[in-house]
Amino acid sequence: MSKKTMVLGVAALLSASIALTACGSRTAETSAATTKTAKIAVIAPLTGDLSVMGLGIKNSVDLAIKQANDAKAIPGWTLALDAQDDTANPDVGANAATKVAADKSVVAVVGTLNSGVAQSVQPILNTGNIAMVSPANTNPSLTIGADPANPKRTYPNYFRVCTTDAVQGPFAAQYVYNTLKLTKVAVVNDKKPYGQGLAEAFAKEFTKLGGTVVDNATVNKDDKDFSTVISVMKSKSPELVYFGTEFQLAGPMSSQMKAAGLNVPLMGGDGIYDDKFIALAGAKAEGDLATSVGAPIESLASGKSFLEAYKAAGYKDGYSAYGAYAYDAANAIIAALKVSLPNSADAAAARPGTITALANVSFDGVTGKVGFDKYGDATAKVLTVYTVASGKWVAKATDTAK
Amino acid sequence: MSTAVLHPETDGHAVGREVMLRADKVTMKFGGLTAVDSVDMTVHNGEIVGLIGPNGAGKTTFFNCLTGMYLPTSGQVTFNGSVLPPKPREVVKAGMARTFQNIRLFPNMTALENVMVGRYCRTSSGAFTSIIHGPKYRAEEIATRERAAELLDFVGLGGEGGHLARNMPYGNQRRLEIARALATDPKLLLLDEPTAGMNPQETKDAEELIFRIRDTGLAIVVIEHDMKFIFNLCDRVLCLVRGKVLIEGTAGEVQSDPRVIEAYIGSPKTKENPDA
Amino acid sequence: MTASATTRQRAYNVERIVGLVGGLIFAVSAFFPWAYGHEALDDMAYFGSPSPLQWFAVVMALALINCLAASLLEPTLNNSTGFLKLLGRISKRFGWIRGARALAIGMLAYAVLAILAVALELNGLVNLEMGAWVALVGAGIAFGSSMMLPTGRAPFLERIPSYPVLEIATIALLLMGMLFASAYALSQEDGGTFLMVLVFIGALAGFAIGSGFGSWVATAGRRHRTVLVSSAFLVAFLFPFTQNGSDANMSIATQVLIFAATAVGLNIVVGLAGLLDLGYIAFLGAGAFTAAVLSESAFATINWHPPFIVVMLLSGCISATLGLIIGSPTLRVSGDYLAIVTLAFGEIFRITMNNLDGSSGPNLVHGSSGIPAIPNLNFFGFDFGQSHVVAGIELGRFANYFFLMLVIMSIIILVFTRLNHSRIGRGWVAIREDERAAEAMGVNVFGLKLLAFAGGAFLAGFAGAVKAHVDVSVVPDQYVFLESAFLLAAIVLGGMGTVMGVLLGATLLKLVPEKLRFMSDYRMLIFGLLMVVMMRFRPEGIIPNQRRALEFHVDDEELVEDVEERLPYEFVEFEEVPA
Amino acid sequence: MTFLDPLINGLSLGSLYALIAVGYTVVYGIVQLINFAHGEIFMVGAFGALSTWIVLGQASANLSWWMLPLMLVGGMVVGVTVAVLMERFAYRPLRHAPRLAPLITAIGISVFLQEFVRLFYGAIPGFPDAKAAVVFPQIEFFTGPAIEFGGAVIQRATFFTLGALAVSWAFLWFFVNKTKIGRAMLATSQDPDTARLMGIDVNRIITIAFAVGAALAAIAGTAHGLRYGNIDFKMGFLAGLKAFTAAVLGGIGNINGAVVGGLVLGVVESLATVYVPGQFGGAAWKDVWAFVLLIIVLVFRPQGIMGAKVVDRA
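Residue numbers (the working numbering), protein chains in the order written: chain A, 2 to 403; chain B, 162 to 437; chain C, 559 to 1137; chain D, 609 to 922.
Calculated directly from the structure, the hints in this document are not laboratory data. Note that the structure is a prediction, hence the values are computed from the model and not measured. Cβ coordinates follow ideal geometry from the N, Cα and C atoms, glycine included. Some hints here could point you the wrong way.
Not the full set, but computed from the structure, chain A residues with beta-carbon under 8 Å of chain C [to be verified]: (1) THR48; (2) PRO91; (3) THR128.
Simulated crosslink set (DSS-like; lysine-lysine; CA at most 27 Å straight-line) [to be verified]: (4) A/LYS339 <-> A/LYS105; (5) A/LYS73 <-> A/LYS237; (6) A/LYS317 <-> C/LYS1073; (7) A/LYS237 <-> A/LYS285; (8) A/LYS222 <-> D/LYS842; (9) C/LYS643 <-> A/LYS40.
Covered stretches of chain D, going by a simulated chain C footprint (3 or more residues, C-beta under 8 Å) [to be verified]: (10) 824-832; (11) 881-893; (12) 903-912.
Start from the sequences, fold in the hints, and give me the full structure.
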C-alpha cells in the first residue's frame, strides 16, 4: 500500500520535473559568438599568509578589466579575469603558469607578488610568449640578469610597473642625507630578497654620499624579538634606522625600538607604506618614514578615481600595498591589447603582438607615468617620501630619482 | 642432528677443558648500587654452567656485562683469549649468543625471519649487491634461508616457519629464541631463564634441547630458578647473592650447601631489575 | 525451519528488494536533468541524455543492482541444477553484500556531492532539478537497505584456480583502465566534477575490494609480478600521450613524481628503518642547490659545469653526506629526540641557505633570492625545453622531464624494494621491532640506521637535481618544515613501507589541491585534520606494508590470522623443508 | 652597551621560553609524550587574552592595569580548554600506539589550530582578521617607557614576563610538592601502573598535566603580546620549537630544568647575536646556534643540564 503511494509520488515528481525543465538536446548547442574573449590571468598568492596582498592585486586587476569592458575598450573583444593562486610557492606558481600557458584564451599575466615565484613563472610564460607584468617584483636581476654591471635581459616577456630596489634605496638615502641632514644611520634587513636588496642599495648610496652606516644588522623573517638587535644599534647611537622589510616586521620593530628607548625614526620602502604598519607600530610611530613609488595617489586624478572605483566595486578585501600597481599593470596590458588584439584571429595569436606592444605603452597611471625601458623595468622614477603624522601616512616630498 | 648443524665449519667435539670464557672481577655499579660485585667465572669448552641466585642477585646484570650490553664498572671479560669490547655486536661476532629472560623476539616477523636475522652477523652482502641481485646476494640468501630452516627443525619448529612470532605458543617462542641465538654460530650460548613459565613437560623438552645443543660442542651458561632443572643439567653451578659469588662448585656441592638454601629462603623479596 | 528464521530470511529479502529499487531509481535519475543551468559540473541539464557524470551514476547503479540481484538469486540458483547451479557456486565466492555496501556509500556521496556542487556553482539549491533529488532518494534507499543487510561471509575469490592468460589480461586491462581514468579525471577543470570522478573511482574500487575481485587481482598480481610492474611502467610511460600535447597536467604529474620520489626515499627511513625524520626536505634542497650551483645559469656561483649525470651523482653524494651527518646522532639519541634533531637540522639547512648570500656568509646561493634561470637539460642534443612530436602527439617540456623522472623513479623503486627484501631489510625490521634484541643478535644497528639515512638522502638528492631544472629556479623558501611534514604525510596517508602507498599519497597530496582550487584556503586545515584522523583510525595508511600494519595494531588477532594465512609480499616466503 | 643589555634581553626572551617549556616537561614527565602542538596552545592562549580584552575593554579603549588579570584568565580558559580537548580526543586514543602516531597527530593538530585561527578568528563579529599579525592591547602599566637601571635598559614588559615566570614557578613547586593532586602527579610519573593500582585516576592526572602546561603557555602568550605588541597565528611554531629545545636543554621531565633551560637558551641566543664575531654572527645565525646547542646537548648529555627523569628514550 505505502509502496504504491511512494511509486506514485516518485512518478509524479518525475513528470513534474520533465515539465519544468528547460531542456533541449545535447547536440543542439549553437550560440553565435558575437564577441571573442581574451583572458588576463593573475598569478598571485590568493590564500595563505600573503593573501592580503594577493587579493588586493586580483581585485584591482578585476576592476581594470571591468572598466575596460564597460567602456568597450577593445571592439569585438571581451576581457575576462583568470585568477590563479600561487600560494607564494614557486612550485605552485609554476603549475599555475603552465595551466595559464595551456589556456589558449589567455593573452597576458599580471603577477607575481614574490620575486622568488617570478623566477619560476618567467621562463614558462616566456616559452608560451605570454606577456607578464609584475606589480610587485623588486629584485633587479629579474630584468637585467645576474650581473648589474653588465645588464642583459633574460626574458623578453617580462615587465614590471614597480621600481626596483636599485632605484628606491638610493632615493631614500639621498633624502636622508640631503634633506634630513642625518649622517649616522643603522641599516637592518630581513634576509628576504626585497628587504635585503633595498637595505643594501640604501647603505651603498648613503656611504657614497658621505654618511656613516653605524650598524648593519639582519633579522630573521620569523623573528618577533628584536631587543638584542636594538640594544646593539642603540649603543652606536644612530640618528635613523633604515629597515629593509615589509610592514609585518617593521611595525613591531618600530614599537620595540621606542619601548627600548631608541627614539629615532624608522624608515623603510614601499613595503612598509601600509596602514597596518601604523597599527602595529602603535602610538610611537609618529615621525617614521617610508618611500613609495609614484606621486601620492590622492594627488593624481587617476589615483583618486581608482580609489573611488575600488570602493564602489565593494570588494571584500582592501587593495593593499600593490593594488594600485596591479591596476596600472592591468591597464598597461589593456593598452597593449588595444594594439594587438584587433588584428588577431584568436587570443593565442595575439600573444607575441602583446609583448611588442607592451614595450611601447605609455600613459598616466595611478602610481604615475607608466612605461617600460628596454629591460622591461618601469621608466617612472618618481618617488614620494611619506611620514607618519597623527596616525596617518602623510606625503612629505615627491621627487624624481636620479 | 649432528654437530655439523651447529658448527658447519669445525668438525667434532671441542677438545679438552680449554677455558673459553673468563670473567675477571667483573663489577657493575649503578650510581650507589653495586649490582655485580667482583664476580669471577670461567667457562670451559663443552661445559654447561648454571647461574643461580635469588631475585635481584645480579644474574641478568652479569649476563649483560658478559654480552657487552653493559660496560662493567671494573673487571674484564675475556673470550677465547681476547678481551671483549663492550659492544653486543662484537660479542656476537666473537661467538657468544644469548636469549632473554622476558622473551625478546621480533614479534611481527615470522619464525623463519627471526632466525634469518640471527644469520645477519655471519653474512655480509651489502646494499649494492642486494639491489642488483648479484651472485653473492643470491648465494647468501639461499644459504641463509636453508640454514634458518635447518635450525628451526633442530629446535623442533620444523613446520612453524611461516607463523608470526607473536602468534606462537609460549614454549615455541622460547625455542625460537634459542634457534635465533644458534643462528649466529655461537661457541657459547647464554640462556636467561629458558624454562620460566613452562609446564613440567615443556621444561623436560627444553632440558633435552639444551643437552642436544651441548652435544654439538657448544658451551652453555644458563640462569635458572628451577633447581631441579639446574642440577640435572649443569656441570658446574655458581650461586650469586647480592652481586657476589656465594659459592661455586658442582651441582651436588652447591645443592647441599646450607648457605644457598638460606640465601633463597632468607633473602628479602626485592623487585629484580632485569635489563633496564 | 523455525518460524523466526523464516521471518528473518524474508526480512532480508525485503531489504534486498528495496535496495534494488533504490538502485533502479538512481539509474533512472541519470536520464533526468540534475541541474537547471549548463555551467554546473559537466552540464546535466538535459532530459534523456545523460552527461558523463550521469553515465557514471548509471554504472554504479547497475553494479549495485547486480550485487543485490546475485545475492537475492543465489539460494534459488544453488537449489537448481546444471548451468544455473554452476552460476550459483561461482556467485557464492563473491562478497556481494560487502560490494553493494561500498557502492551504496559511493552513490550516496556521489549524489550529495553533485547537489552541493550544483548549489555552489549555480548559487543556490533552487538550481537543482528534480533528477538530482531523485538520485539522492535512490541512493539513500540503497544505502539504508544495504546497511541493514548482514555482511555475510568474506569473499574467497583468490582461492579459485589460476588461469594465467585471464590473470595477465585482467592486470593489463585494469592498468589501461587506470590510465584512461586518470587521464579523464585530470582533464576535468571543474573541481566538483573532479571530486565526483574520484568518488566514482573510489566506489568502484570499494566494490572490487568488497566483492572479492580486488583480492583476486592482488593474488594475480603476486603471481605475475613482472607483468604487473612492467605494465604499470608502460602505463605511466603512455600517460603523456593521453594529454593531447597539453603541458598543464604534465607539470603537475612531473611534480608529483619528484615529490613521490623524495617520499619513497623518506619511506626508507620512516617505513623501513622506523626512524622519524622531520627535516627530510633538506636533502631534496641539497640536491637542488648542488645542481643549481653547478648549472649553466648566469647566477651559478661555481664556474664548473660537469655533465648532468655527474651533477646528479654529486647531488646524491652531497645529500648522502648530509644524511650521514644528520644520522650520526642516532648512535646516541632515538625516538622523539631524533625527530627533534632532524627537525632542527632541517631548520639549520634552510637558515644556512638563506645566509649564504655574501653578507652573512660566503656567497654560494645568493641567499633568499636563490638561483634563478637554470637552463633546461640537454642530453646529447635532446633539449628538454623543446616540444617533440612522437607518433603525431606533441610532447612538451614537462613531458620530457616526466620521462626522466620515470627513469629515476624506477631506479628508486628498485632500490627500495630490493633493499626491503634483503638481509639489510630484515635488519631494519629487527631494529624497528626491538632495537636492543637486534643489537644482541649481531645486527649492526648504527650502521643500518646510517645506511637508511644516507641511502634515502642519496635518492632525494637525485630527485633534487632534476627538480632544480624542472623548476628553473631554486629558492631556500621551497625547502621549509611544512614540506617535510607534507612528505611525511604522503607516507602516513598512502602507506608506510610500500611504494604504491607513497605514490598514492603523493598523488593525492599534490593533485587534489591543484584541482580543488575553490577550497584551497582550507587546504591546510583539512590537511591537519586528515593527519589526526588517519592516526586515530588507520595509522598504517591506505595501502600499508602488512608488517607495519601489524606493528600499529598490537591487539588485532584477525589481522594476524589474515597475514599468516597468505604471507604478504613483504615477508620471506616459507616453504616446508622436507625432513 | 653594557653586557647587561643583551643579558636582560636574553632573560626576558628566555622566561617566555621557560613558561612554554614547562608545559612540554610536565606532560612529558607523566605520559612520555612530546606534545608538539603545545606551541599552538601558547598562540591560542594569546588569542584568548586578546579576545577577552576585545569583549571587555575595547569599546571603552580600557588599558588600565586591572584588565591584565582578566586577560590572563581569559587566555588560560581558552588555552586550557583547547589543550584538554586535544588530549581527550586526539592523544588519549593513541596512548598505547607506536610513538610515531602521537607525533604525527601533534603535527596535524598544530597545523589545524594555526589554520583554524587564521581562517575563523576574524569571522567572529567584532574580532579582527587574523590572517596577518593582530595588534595586542598595550596595557599602560606594563608597556610604558623603558626603565634605565644602572646603565642597562629594562623594558617594563620584561618585569612582567620575569615576574610571571617567578610566580608560576613558585606556584608549580607548591602544587607539585604540597597538594594531593601534585603528589598524585609525581606518583604517576614514577610508575603509572602502580599509581593506578593505588587508586589514582591516571587519565585525570594526565588531563591536569595538560591543563597546567596550557595555563602557563597562555600566560606566556599574553606576555608575548604585551612585550611585542602583536600576535599572529604562526607565532606558536617557532616559539614551541625553541621552548622544546629549552625543555630538552634543561632535562625534559624536570620542571626546574625547563625553567633553567629556557633562561639559558634565551641568553645564549641573545649573546650569540652580539658576541659571535664575523660573518657567522648576528641575528641571522642565532637560530642556527640555538639548534646546534640542542643537538650537542642531545648527543652528549641527553639528560640535559639539570638531569632528565628518563634518559634512555627508545
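Consistency of the hints with the structure:
1. Nearest Cβ of chain C to the Cβ of A/THR48: about 4 Å, under the 8 Å cut. The hint holds.
2. Because the closest C-beta pair between A/PRO91 and chain C is about 6 Å apart, less than 8 Å, the hint holds.
3. The interface hint given for A/THR128 is met, as the beta carbon of that residue sits about 7 Å from the closest beta carbon of chain C, less than 8 Å.
4. The straight-line distance between the Cα atoms of A/LYS339 and A/LYS105 is roughly 18 Å, inside the 27 Å bound, and the hint therefore holds.
5. Among the hinted pairs, A/LYS73 with A/LYS237 is inconsistent with the structure: their alpha-carbon atoms are about 60 Å apart, more than 27 Å.
6. Proximity of A/LYS317 to C/LYS1073 is assessed by CA-CA distance (about 25 Å); at most 27 Å being required, the pair is judged to hold.
7. Simply put, A/LYS237 and A/LYS285 have alpha-carbon atoms about 21 Å apart, close enough for the 27 Å limit, and the pair holds.
8. Distance restraint check for A/LYS222 and D/LYS842: the Cα-Cα separation of roughly 12 Å lies within the 27 Å cut-off, and the hinted pair is therefore satisfied.
9. Taking the CA atoms of C/LYS643 and A/LYS40, the gap is about 64 Å. The hint is violated against a cut of 27 Å.
10. Three residues within the 8 Å Cβ limit are the bar, and the region 824-832 of chain D against chain C gives 0, so the coverage statement is violated.
11. Counting residues of the region 881-893 of chain D whose C-beta sits closer than 8 Å to any C-beta of chain C gives 5, which meets the bar of three, so the coverage hint holds.
12. As drawn, the region 903-912 of chain D meets chain C at 5 residues by the rule of a beta-carbon pair under 8 Å; at three or more, the given contact holds.
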